[in-house]
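Following the hints, position chain B against chain A.
Protein chains: 2
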Amino acid sequence: MQKIKIHEVGPRDGLQMEEKIVPTKTKIEWIEQLFQSAVDIIQLGSFVHPKHVPQMADTDELFKYFSKKKPSSIILSGLVLNEKGLERALNCDVDMVCLGVSASETHSMKNTNMHVEEALSRVITIAKEAQSAHKIVQLSVQSAFGCGYEGPISEDQVLNIVHAYLDAGFKNLSLADTAGHGTPEQVKHLFGRIFKLDDSLELTGHFHNTYAMAMADCYAAMETGVQTLESSFGGLGGCPFTKIAGGNVCTEDLVRMLHRMKSRQDIKLDPIIEVTKKAEKFLGRELTGMVCKTGGIKV
Amino acid sequence: MQKIKIHEVGPRDGLQMEEKIVPTKTKIEWIEQLFQSAVDIIQLGSFVHPKHVPQMADTDELFKYFSKKKPSSIILSGLVLNEKGLERALNCDVDMVCLGVSASETHSMKNTNMHVEEALSRVITIAKEAQSAHKIVQLSVQSAFGCGYEGPISEDQVLNIVHAYLDAGFKNLSLADTAGHGTPEQVKHLFGRIFKLDDSLELTGHFHNTYAMAMADCYAAMETGVQTLESSFGGLGGCPFTKIAGGNVCTEDLVRMLHRMKSRQDIKLDPIIEVTKKAEKFLGRELTGMVCKTGGIKV
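Just so you know, the protein sequences line up as chains A and B, in that order.
Per our numbering, residue 221 is the first one in the first sequence, and the count goes up by one each step.
Per our numbering, residue 221 is the first one in the second sequence, and the count goes up by one each step.
One chain only, chain A, in its complex shape:
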């Protein structure tokens, strides 16, 4: 199996729905521990208005704190939603800017108050600015495998967005299963179609475990040649603007699978498990991952 990169989105997607605000000091402690795991990319936060997502209010502060204090091998990413967000991101030295639009009209309206078409042209404009500022840019399609409001999303809707990204010259693309509706067959089919457009693309899968499919979807994505998977420690997370939100695929469960598949034996499991245990203590509930309870396989 090919080498899969892990993009840890716990500090952003993992925490954004949590009501109990994690203090900046605590986030720093967790993120430093995640550095020890040697995952490839960590998403520190979202440049959203603090009024909308109070948990993300310290995103700029986190980037500033880590700009001089992070291992050079680890990329720090931030989610950018609009022009103001990009301005903030450029001011605080992010390595990688993530932006996206939803393939679902209803989800797009609830999330951004814009139709897909309008959101798409705006996102591409912002992405070009980020590129001009020499940032790594990842463009995503949210609700790519179904929508809690609309139900099935046609592959062609997703492909239209992908074509717009490609036409604008972007090659680092992510498909997100925001609602958790995707089946492994869907995942294989859709990523397969995209790789057929251009086999030099850098593709990422982002799966939610709302209906217990996330690990199977990750495996299906790996089978198609997807290079990066996004996940959250403890399986935390979910989009606040989707109908039924389920957690992200759990990083430590996914990493253990990659260990066993000899895809990424270099990523350390224990620091991730420790962060999950700290998060469980802080949030006052058991999280959904399995490996945190059972540990890695010792024999």
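Source of the hints: derived by calculation from the structure; they are not laboratory data.
Careful: at least some of the hints might be erroneous.
Stated by the list, open to error - Label pairs and their in silico Cβ distance ranges:
#1 B/Lys498 / A/Ala277: 37 to 45 Å
#2 A/Glu422 / B/Glu252: 52 to 60 Å
#3 A/Met237 / B/Lys498: 44 to 52 Å
#4 B/Ser287 / A/Ala258: 53 to 61 Å
#5 B/His409 / A/Lys223: 15 to 23 Å
#6 A/Lys223 / B/Thr246: 33 to 41 Å
#7 B/Thr246 / A/Asp418: 54 to 62 Å
#8 A/Glu422 / B/Asp376: 38 to 46 Å
#9 B/Pro291 / A/Gly371: 54 to 62 Å
#10 A/Asp418 / B/Glu252: 54 to 62 Å
#11 A/Lys391 / B/Lys498: 50 to 58 Å
The structure displayed is predicted, hence computed values, not measured ones.
Just so it is clear, CB atoms sit at the ideal spot from N, CA and C, and this is done for glycine as well.
For chain B alone, kept in the frame of chain A given last:
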């Protein structure tokens, strides 16, 4: 995707590790509700000595109760461990006898106090008797993808057992990932090798979610052409004689995946979810499945 048969093993594998004894009356209520889901096979219990697994003490009674009261479309199976167990099974009208050996010497000793070789010849003798009594016979290899005590189990160890089953004329075989160590790649490779021996075999996959791999393993098994999957409502279960026991793949999560993949839209989700909710209430804890919490996808 092909039509996958569901073998619900909750009343047996699901309950066998539970300390709180489920009264026979309650089991009957749950099993009757499982009938409504129209799964294909239900494993009512294990013909083990009640001293070893007290939860299974009413197995004969359950079979006798249902012998005249079950839908003709549903097959009732029972696990048989020895000659005495087969005698009991034949006395109470089981439809299907399941027997197996472990591919791990250590697990075999702990489970049966016999070496694999000895257990194998004994199981084949009993299986032939069951066949002579016109029962459906399923022969399994436990710990087929790794062992909590021994670690990796070689494919050849598993294949040796499979060859012995085939040589004795049995074609209905199951591979069980008792320890939950299996990766989807392993699952595809091993089932692929077995189908190459004889593509008319009737193969079953039995996966535990100890390390969050069970749904991905089910999908991988489906990809190789495996016809039947074993699962437990609520993701209950685990072998009392393995080192770290994790629950079975969760029936309602698996069935929802089969709905979405258009493999089995005839199986009803709600009765299974209701049984899981009753089991949660009875056992006094939340079970691990996702669909029980989120429901099916409505749109």
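Can you tell me whether the CB distance of A/Met237 to B/Lys498 sits inside 44 to 52 Å? Between A/Met237 and B/Lys498, where Cβ atoms are some 30 Å apart, the hint is violated.
Outcome of range test on Cβ distance (B/Ser287, A/Ala258; 53 to 61 Å): 59 Å Cβ-Cβ, so the 53 to 61 Å window holds.
Quick one: are A/Glu422 and B/Asp376 within 38 to 46 Å, going by C-beta? Cβ of A/Glu422 to Cβ of B/Asp376: about 39 Å, so the range 38 to 46 Å holds.
Is the hinted range of 37 to 45 Å satisfied by the C-beta distance from B/Lys498 to A/Ala277? holds (44 Å)
Against the range 52 to 60 Å, how does the distance between the Cβ atoms of A/Glu422 and B/Glu252 compare: consistent or not? Because 53 Å falls inside the window, the suggested range holds.
Using the Cβ atoms, figure out if A/Asp418 sits within 54 to 62 Å of B/Glu252. Roughly 55 Å apart at Cβ, these two residues keep to the hinted range, so it holds.
Does the Cβ pair A/Lys391, B/Lys498 satisfy 50 to 58 Å? At roughly 52 Å between Cβ atoms, B/Lys498 and A/Lys391 fall inside 50 to 58 Å, so the hint holds.
Take a look at whether the Cβ-Cβ distance between A/Lys223 and B/Thr246 falls inside 33 to 41 Å. violated (50 Å)
Go ahead and decide if the range 15 to 23 Å is satisfied by the Cβ distance of B/His409 to A/Lys223. Holds, at about 20 Å.
Take a look at whether the Cβ-Cβ distance between B/Pro291 and A/Gly371 falls inside 54 to 62 Å. At roughly 32 Å between Cβ atoms, A/Gly371 and B/Pro291 fall outside 54 to 62 Å, so the hint is violated.
CB of B/Thr246 to CB of A/Asp418, is that within 54 to 62 Å? holds (58 Å)
Checked against the numbered hints above, the structure violates hints 3, 6 and 9; every other hint is satisfied.
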